[in-house]
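Chemist: Read top to bottom, the protein sequences are chains A and B.
Okay, so the first sequence: first residue is 800 according to the working numbering, each after it adds one.
Okay, so the second sequence: first residue is 894 according to the working numbering, each after it adds one.
Bear in mind the hints are in silico, worked out from the structure with no lab data behind them.
Check each hint, because a few of them may be wrong.
[Said to hold, decoys possible] Taking CB as the label site, the calculated pair distances span: (1) B:D996 / A:V1006: 58 to 66 Å; (2) B:D996 / A:P1104: 48 to 56 Å; (3) B:V910 / A:S811: 31 to 39 Å; (4) A:D803 / B:N969: 20 to 28 Å; (5) A:A1066 / B:I939: 35 to 43 Å; (6) B:T930 / A:P1104: 50 to 58 Å; (7) A:R1029 / B:L1018: 26 to 34 Å.
Here the structure is a predicted model, which is why all the values come from computation and not from measurement.
Don't be surprised by glycine CBs; every beta carbon is placed ideally from N, CA and C.
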Amino acid sequence: MLTDREVLSTLSMLRNEHLDVRTVTLGVSLFDCASDNFDTFADKVRAKIGTYAEKLVATCDEVGDKYGIPVVNKRISVSPMGVVCASFSPDQMVKACKVLDEAAKAAGVNFLGGFGALVEKGMTRGDRALIDSLPEALAVTDCVCSSINVASSRSGINMDAVALMGETIKTIADRTADRDGLGCAKLVVFANIPQDVPFMAGAYLGVGEPEVVINVGVSGPGVVKKAIDRAMERNPNRTLSDIAEVIKRTAFKVTRVGEIIGTEVAARLGLPFGVADLSLAPTPEIGDSVGEIFESMGLSSIGAPGSTAVLAMLNDAVKKGGAFASSHVGGLSGAFIPVSEDSSIAAAAASGALTMEKLEAMTSVCSVGLDMIAIPGDTSASTISGIIADEMAIGMINSKTTAVRIIPVPGKGVGDLVSFGGLLGEARIMKVPGGNAENFIRLGGRIPAPIHSLKN
Amino acid sequence: MYKVVVSFLGRDCPGIVHAVSSLMNELDCNIDEVSQTILHSEFAAIIIVDAPDSLPLETLHQKLEAGLAARKVDLNITTRLFDGASWGTGKTEPFVVSVDGPDRPGLIAGITGVFSRHKVNIENLKALMPGGARDGHALIVYEVALPEGVDPAVLRQELRVAAEAMNVRMSMQHRDIFEAVHRIQPV
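Work out the full structure: start from the sequences and follow the hints.
Modeler: The structure is reproduced here in structure tokens:
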């Protein structure tokens, strides 16, 4: 027999606090589709994704209905296409991206990730062709996302790749200028990219992963915020120790939901279950915001002094609660702070309470990095590369994932509003740090791996 | 020995269960299983006992009434033979149906009509007033057993239609989600 509290608490999380499973992501290895004949490659990719993804959306909906918890997004991640398509030219890479886009649409998913490359130590011809194809590929497709890993704690930072990505981001923005540089919202530059991320735009299926796998991304910033609010209402004298405990317990509940739904979807599809990614992923909806949690914990807004400490505690408590709730934890697992995708963070950035410098500091204690930040369209490629290099350095030295998803919006300046639509949200353009990094970026080469990479 | 099911209903107070159980002991009746609940100030219990063959059902009933009166416990008693027969033995799946909205006459009847049509058994039913009786908002929670042949999607749709007709919200969820979220399962 269930207790009143168990029923009321579950219903409240669902109806008022945006409890959902943010994504069930089907990982499909495409290594066996590799061919130097494009048509052979395309046929194999269509057939393989078509076969495994045929029932993905329907199954997620059925399982979501069964438990009364919506699976908001169904997605596909594939092997890094820089490897799968190593023999292709940039033009063929664009065509390959279209094949993936069509396969994603045929499966009914909203995004497919993995059109990316791992270049932290160097770049193959295939990797280079893929990066060169990005401006066109991301402009002519809708669902495909790209991630380029340019740094790792083991290998250091590939500064040639960092320089190239600064220029590529500028070109992508120009190529999608009619959509406020939307192409850049589908590209993430990473340090230490995990192989099993289910969240976009960074999702891909790494080389050590199974043939096919189901990974799940849980969310629930609204649930965490409301739990803190309720705890404070009941006893305003609570300390941060108490709040950390509230976050932990709430993360446990949210993760259990993802675990039960992910494992059942995998079982129904006859596929292995991979990992639950314990991330607090916001959406632009009010009440589904990571930024609002900062306010519930006593700050005027995210960005105020104390924000890095709040985020450190939040991120850690989410992991502690979630780790016990899931059989396998993976992906990014932490709190996301994507500016345009979170109405509260976007508002803090617009008011000046949250600056790029503070965001960078905060990324040293959370799971991703500078995410969904719109910057002036006239920002130079070397400045973008400098921003990327700083973020990669945080990831490399701290042995954690960091990333940059930044959009230089053509024709727009600081304070202008830019709207990407849907989950990508809207935000005002932020001021980038002053100074000039051009000569530094031009040096190229590699920043060596830190001394603590020598672990063997 | 034969099995008897006995129910008790009356005003709750300390000592009721002792009165009933000690009386059963005096009558050489062994209590097999008990379920009891309290709703506001009212107590209800249902007990399955092994009664001696020397104590026929009618006599047992009379002795229970007399015994409780002697203990100054005011409970209504029902007794009947227990044959263990069940409404069905097929496989079922446990679901929780929650209905909430403004309280109104017929709210429970409207929903249970759908269950009845589909031969869905209600295993536990609770009507709550989460905001207190004054705000008139009712939450009714049904723990039900869906027979294998019942399509959850069809049942959900019919429940939704019934709920909308009464201007209340309805959700139907597999019971496992409540346990997964709130309980650590034994290993």
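Chemist: Sort out which numbered hints this structure fails and list those numbers smallest first.
Modeler: Hint check: nothing fails, all pass.
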